[in-house]
Amino acid sequence: MQVKAAWRLVSALCALSAQWPVHAHDSWLTRPAVEQDTRLLRLDLSTGSRFPLRETRPSAATIAQAGCRSPARSRADLLPRQEHADHLELGARIDVSSGAACWAELKPQQVELSPELVATYLADIRAPDDVRAMWQQQLARGIGWRESYRKFARIDVPASAASPVAASLRQSQGLAMEIVPLGSESIRAGQPFSYLLLWDGTPLANQWLEFVSERHPLGVWRQTDGDGQVRQALPYAGRWLLRATRLEAPQHDTDLWSSRFATLLVHVR
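As numbered in mature numbering (1 follows the signal peptide of the UniProt record, and there is no 0), residues -24 to -1, 1 to 245 make up the sequence shown, in order.
Simulated from the structure, these hints should not be mistaken for lab results.
Glycine residues also receive a C-beta, built at the ideal position from the N, C-alpha and C atoms.
Worth double-checking, as some hints may not be accurate.
[Claimed, not checked] Per label pair, the in silico range of CB-to-CB distance:
no.	residue 1	residue 2	range
1	Val87	Tyr212	21 to 27 Å
2	Arg108	Ala9	16 to 22 Å
3	Gln86	Ala48	39 to 45 Å
4	Gln85	Arg108	40 to 46 Å
5	Leu89	Ala37	21 to 27 Å
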């Protein structure tokens, strides 16, 4: 029944239009498909309007902190190696044959947006009604959109074999906002799997989260429950990006909007 439900989801996605407006720009970590030494992990950090399209990349100077952990090692630095046109190459000396959890935090950045782009942005992240109402009030007073944003990218590097995942890899890595895969099982197509969304280490309830496959442009939206969790069966194998954006309204008109972007890259078997 779970597999049938997952494939009904595929049919529903295919029935929808694949034409989308400009999206908020997420940043994500991926592991290159080329054969790698399991003792030296290479990851790519990219930015784009829609996964998996890589349009640009953060510079090495914007990395606030990045790291990896494996079942045998609690922390290894994930360091910039080379800047390419559409990705920043990162590397860590760590054995990932039994899997790993890696992450990157970017330094705060500021942006100003036109009202037209704000409307698209709020729709793309499924901003709540109170955020939209606050923006409309500001707009009516002639106040433009000024925002300070932070980005947090995480990747679940699967083990070479389909063995149980170590508990240390399925827990918070201390990011200000992060999506955490739960349990010790591999993520498999058609089988429900649970994820936890954290804000400063606390479960974030009623937050929209989108699942985006590398094989299809349309995502699957789910809202976290009262415990900050969401459970979802993904219909097909391959790489999936989980993305969530949380906006906080300014206290005063002179203040900036504040946002955090979180992504998690998982490999579905």
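Here's how the hints hold up against the structure:
| no. | hint | result |
| --- | --- | --- |
| 1 | Val87 to Tyr212: 21 to 27 Å | violated, 34 Å |
| 2 | Arg108 to Ala9: 16 to 22 Å | violated, 40 Å |
| 3 | Gln86 to Ala48: 39 to 45 Å | holds, 40 Å |
| 4 | Gln85 to Arg108: 40 to 46 Å | violated, 23 Å |
| 5 | Leu89 to Ala37: 21 to 27 Å | holds, 23 Å |
The structure is inconsistent with the numbered hints 1, 2, 4, although it conforms to all the rest.
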